[in-house]
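Colleague: Listed below are the residues making up each chain.
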Amino acid sequence: FLEDVKVQARGELHASESKYHTQRRIALALQAELLQLYSRLETEDSSTTASTSPAEGAV
Amino acid sequence: FLEDVKVQARGELHASESKYHTQRRIALALQAELLQLYSRLETEDSSTTASTSPAEGAV
Amino acid sequence: AYYEKVGFRGVEEKRSLEILLKDNPLDVEKLSTFSQRFPLPSMYRIHVWKVLLGILPPHTDSHALVSRYRAEQFEDVSSALTAMRFVNAATPPTELYLRMYQLEIQQLPRRSELRSPVGGDEHFLAVARAMEEIVDDPVDCYWMIKCFVNQFNHKFGDSIPHLPKSLEHFLSQEDSGLLAHLKASGSLASLPYSLWFRRCFAGGLPESSLQRVWDKVISGSCKILVFVAVEILLSYKIMLMGINHPDGVFNFLSNMPQENTDAIVTKAIDLWHKYCGTPMHSV
Chain S
1 FLEDVKVQAR GELHASESKY HTQRRIALAL QAELLQLYSR LETEDSSTTA STSPAEGAV
Chain C
1 FLEDVKVQAR GELHASESKY HTQRRIALAL QAELLQLYSR LETEDSSTTA STSPAEGAV
Chain P
1 AYYEKVGFRG VEEKRSLEIL LKDNPLDVEK LSTFSQRFPL PSMYRIHVWK VLLGILPPHT
61 DSHALVSRYR AEQFEDVSSA LTAMRFVNAA TPPTELYLRM YQLEIQQLPR RSELRSPVGG
121 DEHFLAVARA MEEIVDDPVD CYWMIKCFVN QFNHKFGDSI PHLPKSLEHF LSQEDSGLLA
181 HLKASGSLAS LPYSLWFRRC FAGGLPESSL QRVWDKVISG SCKILVFVAV EILLSYKIML
241 MGINHPDGVF NFLSNMPQEN TDAIVTKAID LWHKYCGTPM HSV
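Protein chains in written order, with this note's numbering: chain S, 1 to 59; chain C, 1 to 59; chain P, 1 to 283.
Next up, chain S with everything else stripped away, as it sits in the complex:
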């Protein structure tokens, strides 16, 4: 009977742990996506600067 209680608890704990591990993977995927976006922003920022600087030089 005691064993029974333990098995039941393990079943519930597994399901909870599964949610937790999935959340961790979600966070990793989100971080990867953010990283990509930041580097895209930087590239765009620097290209904007590059294209405007000749004009500034002319003034």
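Rather than coming from a laboratory, the hints here were simulated on the basis of the structure. The C-beta atom is built at its ideal place from N, Cα and C for all residues, glycine as well. Keep in mind that the hints are not guaranteed to be accurate.
One side only, chain S facing chain P, incomplete, derived with CB under 8 Å [claimed, not checked]:
1) Gln23
2) Leu30
3) Gln36
Dumping the calculated SDA-like pairs for lysine to any residue here, alpha-carbon to alpha-carbon at most 20 Å [claimed, not checked]:
4) S:Lys6 - C:His14
5) P:Lys223 - P:Lys274
6) S:Lys6 - C:Leu13
7) S:Lys6 - C:Glu3
8) C:Lys6 - S:Asp4
9) P:Lys30 - S:Asp4
10) S:Lys6 - C:Ala15
11) P:Lys237 - P:Ala263
12) C:Lys19 - S:Arg24
13) P:Lys22 - P:Pro39
14) P:Lys274 - P:Ser176
15) P:Lys237 - P:Glu259
16) P:Lys22 - S:Phe1
17) P:Lys183 - P:Met241
18) S:Lys6 - P:Gly186
19) C:Lys6 - P:Ser62
20) P:Lys165 - P:Gly186
21) P:Lys237 - P:Ser185
22) P:Lys183 - P:Pro246
23) P:Lys14 - P:His47
24) P:Lys22 - S:Gln8
25) S:Lys6 - C:Gly11
Chains C and P: place on chain S using the hints.
Modeller: For chains C and P alone, kept in the frame of chain S given last:
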């Protein structure tokens, strides 16, 4: 003794759920950041388009 | 006679399954044995599959809690994918399930490199499309696809490459003439093995027949796939004997007629019991 096992199991489940909720908050914060970045990127994209179109119109 | 053979036995079987389902905790072993021996009544199929696939634990007291956890996990993953713009409201559910699965196993491609599905993705999608026909609720559907695919690969991954040999063996027992023809025409090497042994006939059999095959796969047998393949070959023997090109055979079997599939599956299950025995645990 049985009661003991049950209390312990409940404690473990709580701990696991608490870990889960923390991770979940992290993921939600990352999602909010992502949303901001997307809108920033879109603004920049549209301003790039806006600034080039007059030039094209002039040609 | 039909009623006696199928109907009456069906009632008895249903009653014994109901008794099994009243156990708390559920005896997963006995449920597997039942499912190996008898077709599952459709009203209990999804519930039994969820227990056999480990989506629900044996203790029925935990079912409500665990179901809630499963639903939360589904919601977490799908909303994250929406936030990342991998999916949107217009994404077909099967593609959503694929991306969810990829995220969970950490194999989500970069968004900039999202390609049309390849290889293993196609197998997953085929299983997903078939499961979608069987299971209405999206949360249940996703979990069943995911656990079906995982369990299948985990339990049978090592056996799959041997199934074509096994098919050859049993076909030689049942119809050596047909086997000889398939060998001579070069067709044996290029039968639709992926459809049969990787997708478990998803997309090849209509859902009513397919679920009876999956009853056996989910409860622990991949051998059943071989016997379904054997019975398909036997059923279309006359047609196949007239095709001398491997491509012709492949194309015919990949798009086989959907008419007699129930009878084919019934014969396949009989043949499987004949060669592999009926599990004898008392139910």
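Colleague: Against this structure, judge whether each hint is valid.
Modeller: For each hint, the structure was consulted:
no.: 1; hint: Gln23; result: 6 Å, holds
no.: 2; hint: Leu30; result: 6 Å, holds
no.: 3; hint: Gln36; result: 7 Å, holds
no.: 4; hint: S:Lys6 - C:His14; result: 15 Å, holds
no.: 5; hint: P:Lys223 - P:Lys274; result: 12 Å, holds
no.: 6; hint: S:Lys6 - C:Leu13; result: 12 Å, holds
no.: 7; hint: S:Lys6 - C:Glu3; result: 12 Å, holds
no.: 8; hint: C:Lys6 - S:Asp4; result: 11 Å, holds
no.: 9; hint: P:Lys30 - S:Asp4; result: 17 Å, holds
no.: 10; hint: S:Lys6 - C:Ala15; result: 17 Å, holds
no.: 11; hint: P:Lys237 - P:Ala263; result: 15 Å, holds
no.: 12; hint: C:Lys19 - S:Arg24; result: 10 Å, holds
no.: 13; hint: P:Lys22 - P:Pro39; result: 19 Å, holds
no.: 14; hint: P:Lys274 - P:Ser176; result: 18 Å, holds
no.: 15; hint: P:Lys237 - P:Glu259; result: 16 Å, holds
no.: 16; hint: P:Lys22 - S:Phe1; result: 18 Å, holds
no.: 17; hint: P:Lys183 - P:Met241; result: 11 Å, holds
no.: 18; hint: S:Lys6 - P:Gly186; result: 57 Å, violated
no.: 19; hint: C:Lys6 - P:Ser62; result: 14 Å, holds
no.: 20; hint: P:Lys165 - P:Gly186; result: 15 Å, holds
no.: 21; hint: P:Lys237 - P:Ser185; result: 14 Å, holds
no.: 22; hint: P:Lys183 - P:Pro246; result: 10 Å, holds
no.: 23; hint: P:Lys14 - P:His47; result: 14 Å, holds
no.: 24; hint: P:Lys22 - S:Gln8; result: 16 Å, holds
no.: 25; hint: S:Lys6 - C:Gly11; result: 13 Å, holds
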